[in-house]
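Those protein sequences? They're chains W and G, same order as listed.
Each residue of the first sequence is one higher than the one before, counting from 4 in this note's numbering.
Each residue of the second sequence is one higher than the one before, counting from 102 in this note's numbering.
It is possible that some hints are incorrect.
[As the list claims (entries may be wrong)] In silico lysine to aspartate or glutamate, EDC-like type, Cα no more than 20 Å apart, as pairs: (1) W:86 - W:62; (2) G:209 - W:103; (3) G:212 - W:41; (4) G:209 - W:62.
FYI, nobody ran anything at the bench for these hints, they're computed from the structure.
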Amino acid sequence: DGGITQSPKYLFRKEGQNVTLSCEQNLNHDAMYWYRQDPGQGLRLIYYSQIVNDFQKGDIAEGYSVSREKKESFPLTVTSAQKNPTAFYLCASTPRRHTEAFFGQGTRLTVV
Amino acid sequence: AQSVTQPDIHITVSEGASLELRCNYSYGATPYLFWYVQSPGQGLQLLLKYFSGDTLVQGIKGFEAEFKRSQSSFNLRKPSVHWSDAAEYFCAVGPGYGGSQGNLIFGKGTKLSVKP
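Required output: the full structure, derived from the provided sequences and hints.
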């Protein structure tokens, strides 16, 4: 089955630690996205990538970093610089511009 | 500025009753329009989309939406709600054909509760 796989589903981090969220897709989509979701806030774009080895900041990129070394993978690192990292993180992909996004099942990150 | 507004944060309807969720957008050109549904702790699933043509679009699970250009609206409707429809619903807009590169813009969501 084609789809987007996010792992892990739940993640706990101590303050001051970096943590990496995984996102893999086997849909052969060109573009991939990371969103952050907080209650009542909708989805806010963190980073996106239209092609391999290229990515752009979204609306709330501070404290996050990404890489796009392979078409199917777009990991997100939440760094210690992110002051309020507890949230639900969603990865998405699109086959090309002007089409709908396909979403993974999300990773819930909690800082303890 | 581009934006999507879902005026209702939370709606409660009785099972079997009709449903309408509102979505208004502000966009420079004719956008592509989407409705997504999210169950708690899950990702988003596409319900329906409007790209062009007939302004009344049919989606999955018995949902439909109507694009009204004059009102900049794309409201989601269902004639008879089922208990399994309880979820959060998100409206989104994206650049239409010929538009400049851009990403989907999401509303803040409407949470739907269903009374037995």
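Hints, verified against the model:
Taking the CA atoms of residue 86 (chain W) and residue 62 (chain W), the gap is near 16 Å; set against the 20 Å cutoff, the hint holds. With a C-alpha separation of about 18 Å, the suggested pair residue 209 (chain G) and residue 103 (chain W) falls inside the 20 Å cut-off, and the hint holds. About 14 Å separates the Cα atoms of residue 212 (chain G) and residue 41 (chain W), which keeps this hinted pair within 20 Å; it holds. The hinted pair formed by residue 209 (chain G) and residue 62 (chain W) meets the criterion: a straight-line CA distance of about 15 Å does not exceed 20 Å.
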